[in-house]
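Trainee: Using the hints, build the complex out of the two chains.
One-letter residues, chain by chain:
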Amino acid sequence: MMPRLLPLLGLVLLAALLSLVAIDLLYFGRDPALQQLQQVFLHPSPDHPLGTDQFGRCNLARLSAAIQNSLLMSLLCVATAALLGTGAGLAAAWYQGWVDRCLSFIINVLMALPGLVLVLLFAALIPGSFVMLYLAISAVLWVEYFRLVRSATLSLRHAPEVEASMLYGFGKGYILRRHLLPKLLPDLLSLACFGAASAILALASIGFVYVGLKPPEAELGLMMVELLPYYSDAPWVLAQPLLTVFVLILSFNLIASGVRHDIGR
Amino acid sequence: MTLAVEVTQLSIYADEQCLVDRLSLQIRLGQPVTILGETGSGKSLLAHAIAGILPSGLRQEGHVTLFGRSQDALSQSELEAMWGKALAVLPQEPWLALNPIRAIDGQISEVGECVLQEPSTHSQGNAQRQLDRLGLGEDGNKIPAWLSGGMAQRAAYAAATYAGAPLLIADEPSKGLDEARRDQIGALLVQHAQCHALLTITHDIELARQIGGEIIVMRQGQILERGDAEQILNQPRSDYAKALIAAHPSQWPQATKHRQTTPVLSANALSHRRGGRLLFNQLDIQLHQGEIVGLSGDSGSGKSTLADILLGLLSPDSGKIANPLPRGQALKLYQDPPAAFAQHVSMGALLQDLIRLHKLDANQIPALMNQLNLAPALLQRPARAISGGELQRFALLRALLMKPRFLVADEPTSRLDPITAAQITQLLVKYAREHDAALLFISHERTALERICDRIISL
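Protein chains in written order, with my numbering: chain A, 1 to 265; chain B, 1 to 459.
Bound conformation, chain B alone (with noise of 0.2 angstroms):
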């Protein structure tokens, strides 16, 4: 079978420190490679790596070899050349690499009319057959914005592939993705890897076993084990592969579903319009000491408005709360941890605040952050400079603090690695039922809900 790239001792430093040491990887035509890691785990930089962009200021050492020609001997202008037409990177969250004010078929048309020096006519021709083998043909003319996450993700794999790139990266193409998405996109890379050569970077452990081939466990730039898809996945041999795969939702232990006892809050005949758009009517809803309710449903469903709505951040078009909570009894954790905290103070300045507004008892601190397994040291840092992990812990830990009775959880675990996520979904759920709080959990993944959830709500 024909190598498309062969990546032999391949090393990345940033000043001193090894991103990713000494990776040998071969990629063939119809045998797919994954590498699968954790984020920050230098795998993104590998595809860069591959590609010839490596940000200025890393260090590269080792050698790739491209369709046989040595990544060293071509020039800037010979490697942008094999750019689209020899490989092609399909990006992480495509619906931010589209251009966000023009239509989808436009912008598929135009890598035949740049990269290929195709007659305009011939590549719309083109771009409409592309459109229609991935079912999008209706989509031509709407811009990204109308589509939903998993069509936008099927428009940028056009746009990638347009050019016919026998090589094609795939840089975390399930993030952010439901499950039926994401399986709609393992299928399209299923099929290209059939007769093209396939490297797919992530850490979602389902889309790895769907795309089979080789696997490569990566965590701190050190490869842990690799080997064939099937061994790995079913017997893993490394810790970390191990942690990874018991931190899949699938994996988690059924919750016992609770009893339902005393309501903490209840919203009568809930209506909301945006934008034109109904998004839910006459919606009734009653949450009760204890009880994790799952709120799934398609971006742009409704699902943070409706949760604004019974924390009292929104009123609704019409139905009301009926019995609302006062301040700082009912709490949100958010999707994107660092955006939830004031930039420019440390987290300990931040819960000085908190104790000193509520009166609170500063002692229990220290309990708590080891507790939420938080290093004391932390407390010097302002949130910029923590990890996303550490610092939706601390957003539990500010919500402890307060005891809420009503506790918003919107996709609080999205932007984690799965292992992380495991953990603060665990600790979110042994909260609420250790401290009789209401837990709303807002998320995509319908695993996930089905195994902690006493019941789901759908939008």
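So that you can see chain A by itself, here it is in the shape it has in the complex (with noise of 0.2 angstroms):
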């Protein structure tokens, strides 16, 4: 029962971090850039249920708005990687010669870099940008599609399974779909958990070096950055967006495990 019962775990703690966005939108909605300086570090009350951090703007508001921020970020990079890299797998499986070489050559470059200094580099370029920072995780994520589905079609490409079809006079559309997607989606999805995580991580860390996002907006990486001079004074204030980023990644991680067990049989 183990396995059935990890992914459900992951599924709760994603949707418990939902409902405290959900809490913060229809109960509070707060300006989470909002200042007041006489409420500094309040303890939780039922006008502030987490509190206020150095500035006395509402905790419940900026977590909720950052937990926006990096689902937001996880499913654009996840989409935008899964079908470049998908696609272009497929190509480079399927047509060989040289569109593959190409693809595989831009491949192997960003895979030497570092992804995180890849992102860094794109941060760079226009410092606070949401598009930059979209565009330098989904260029790291794509590499892992693209190796995947590549492999994996390259084999199945001239299984008999594939060149029946071929005989029979089916298209690429019909493989595709009959074929080659169904055995793919399982790796697929699990890989877009990961995704999610990494990308969420990837954001953090960026915002955490002050590269990423810029004040005032709520990021995770940056609200903990700011936070950390006031560790002594207000430790349970640091350690939300902390938990937070943990329990982001533990469950993006958990609901993995239980994709392909589910999918895959």
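Think of the hints as simulated: they come from the structure by calculation, not from any bench.
Each hint should be verified, as a subset may be incorrect.
To be verified - Listed below are several chain B residues computed to face chain A (Cβ distance under 8 angstroms; list not exhaustive): (1) Trp146; (2) Leu147; (3) Leu311; (4) Leu313; (5) Arg327; (6) Gly328; (7) Ala330; (8) Leu331; (9) Asp336; (10) Ala339; (11) Ala340; (12) Phe341; (13) Ala342; (14) His344; (15) His358; (16) Met402.
All C-beta atoms, glycine included, are put in the ideal place defined by N, C-alpha and C.
Mentor: The structure is reproduced here in structure tokens:
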């Protein structure tokens, strides 16, 4: 029963974070950047369920905005990377020749750079830009999809089932739909879950070294680095973004462990 | 004569299903026993039960006595100590059981070092003597991929018998071998049986005839008949044994040769290399309507490559096909039926895809299914839930829908049991004759080709 329980736990954790966002939007709806300097580091109260930070900003509002930022970023990056990587991987394995050589060359160059360095490089071009970070993280993530799809398609391309469909006159779309995608899907989904986790971690890391989104934007890594000087005065405030990143990553990894099990049989 | 194994009232169950039903047998030194039966009839499980390696989840009743010691009284480590020294198993398709990246002499001498704790110099000398005796003296330094199927089979035999086990269990030893190689391994087993105990599990009646001794005919876990090899093979009493013997290619009726008429496909001066080796050079092939052409040759001799070139799946290095057929008119039946179908949808959905693509008449399916003896309920199932024989008939059904003019059958029956294999072959022959299609039949069974083909091309 263990493998069925863990992905469920992952979904519960993710749902808990989303309900935090929902509670904030429905019942409080404060501006995450609104400063009230006479109310610094208030303890949790019915008015501020998670207390306030060093500028008297509502922690719940900030955390909610940060979770939305992280999830939006990971969703966009994973979708882009999955589409780009799968498409390129299929093209490389199907047409081989110069298509494969060009794409594999680009991938090798990308892989020679540590992922975070690439993101830093992009982020430094236009500091604080959400779009730049999105492009950079997607560019790092699609490598995995490409490699997975390319090697799986290469071995399937000359498999009897694909060859038979070609002999019967079926086109590429049919072969993709009937033969390739059903075999690739379990791997792609678990890769998407891991990818979402690494996108969140990349965004937080970039924020933590002050290259990512700029204040007063609420972002998990940025919140950590801003709150770091106050760790002895208000450790419970610093703990909030830390714990959130931890729970987000954990939940995606737990879900990933279930995807293979359920769909991959 | 010394009793090597005594099996008393052995039954094997998976959940409630009975896989082997109250089987008793005795194997003595010098008196081989052969179990003859269809694939999936629980024959291999019996070998596992005797060796004490029955998969967990299966339940065993009855008694197995090995060299006078009851298997129940032996601990796991005592049982393991007997493996290699007292009993050895020659696995199915031994080229898969050998380590693919290690030279065979090392794999054989390793048995001496690990099982008998011999010094390595001693076991290397022994391994070389074994290889010399089996005619592999020059090939000890080769990895399995460089050996032919028969050579790999002999190497596996050397490794299995190195430790001198008096009891050898051979599980389908002739699977995937052509007749000459089957005779070689048969001769080895006969030699072994002269002074040792031998249990052979097979559905190959020629191998059973060669080994002789006692034959037990089994089907669905039941013993249908047992007795002396000569008697069973010459005067079988059970229907199944009769069918099995009748299904052997040597019993097939000789086909009347077909008059060559209109050409369907002609290829001129085909040459092709693979991995630097010339597979065929300046080969001219012409296939005619209703003609059945056999293609034989060793594995790796380019039979499938030639078929792929004729189908237009592969371009030859030189030469060309004079009149390539349009897509859907040149089709192929595959060796491994489950591998030839998409895995995630039902057979019905796959046939619908084909009907929609080529605007075929869906009403002909029930009649064809009836003709091929396929139950309508099978349409709801995906390929992996259908047996190999039924699936190969589905492959034929799929081909018949298209009314192809050229059909390649690439070892279409080598993974099927003999009775199903004979049925599929007859269906293919019937189709080719009735619909004036050219049939290229690839097989390593020379006898089968000689019976059904108008002519045979050897590569």
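Trainee: Please check whether B:Trp146 passes as an interface residue: C-beta within 8 angstroms of a C-beta belonging to chain A.
Mentor: Given a least distance of 23 angstroms, the restraint on B:Trp146 is violated.
Trainee: Would you check whether B:Ala340 satisfies its interface hint, that is, whether its CB is within less than 8 angstroms of any CB in chain A?
Mentor: Holds. Min distance 5 angstroms.
Trainee: Given B:Leu311 as an interface hint, is its Cβ closer than 8 angstroms to any Cβ of chain A?
Mentor: holds, 7 angstroms
Trainee: Tell me if the interface restraint on B:Phe341 is satisfied: Cβ within less than 8 angstroms of some Cβ in chain A.
Mentor: It holds, given that the least Cβ distance between B:Phe341 and chain A is near 6 angstroms, below 8 angstroms.
Trainee: May I ask you to test the interface hint for B:Ala342 with respect to chain A, counting a Cβ-Cβ separation under 8 angstroms as satisfied?
Mentor: It holds, given that the least Cβ distance between B:Ala342 and chain A is near 5 angstroms, below 8 angstroms.
Trainee: Under the criterion of a CB-CB separation shorter than 8 angstroms, is B:Gly328 in contact with chain A as hinted?
Mentor: holds, 4 angstroms
Trainee: Can B:Asp336 be said to touch chain A, with a Cβ gap under 8 angstroms?
Mentor: holds, 7 angstroms
Trainee: B:Ala330 was flagged as interface toward chain A. Is the shortest Cβ-Cβ separation under 8 angstroms?
Mentor: With a closest approach of 7 angstroms, the B:Ala330 hint holds.
Trainee: Hint B:Leu331 vs chain A: min CB-CB distance below 8 angstroms?
Mentor: Since chain A brings a Cβ to about 5 angstroms from B:Leu331, closer than 8 angstroms, the hint holds.
Trainee: Using the nearest Cβ pair, does B:Leu313 come within less than 8 angstroms of chain A?
Mentor: holds, 6 angstroms
Trainee: Given B:Ala339 as an interface hint, is its Cβ closer than 8 angstroms to any Cβ of chain A?
Mentor: holds, 5 angstroms
Trainee: Taking the closest Cβ pair, is B:His358 under 8 angstroms from chain A?
Mentor: Interface hint status for B:His358: holds (7 angstroms vs cutoff 8 angstroms).
Checked against the numbered hints above, the structure violates hints 1 and 2; every other hint is satisfied.
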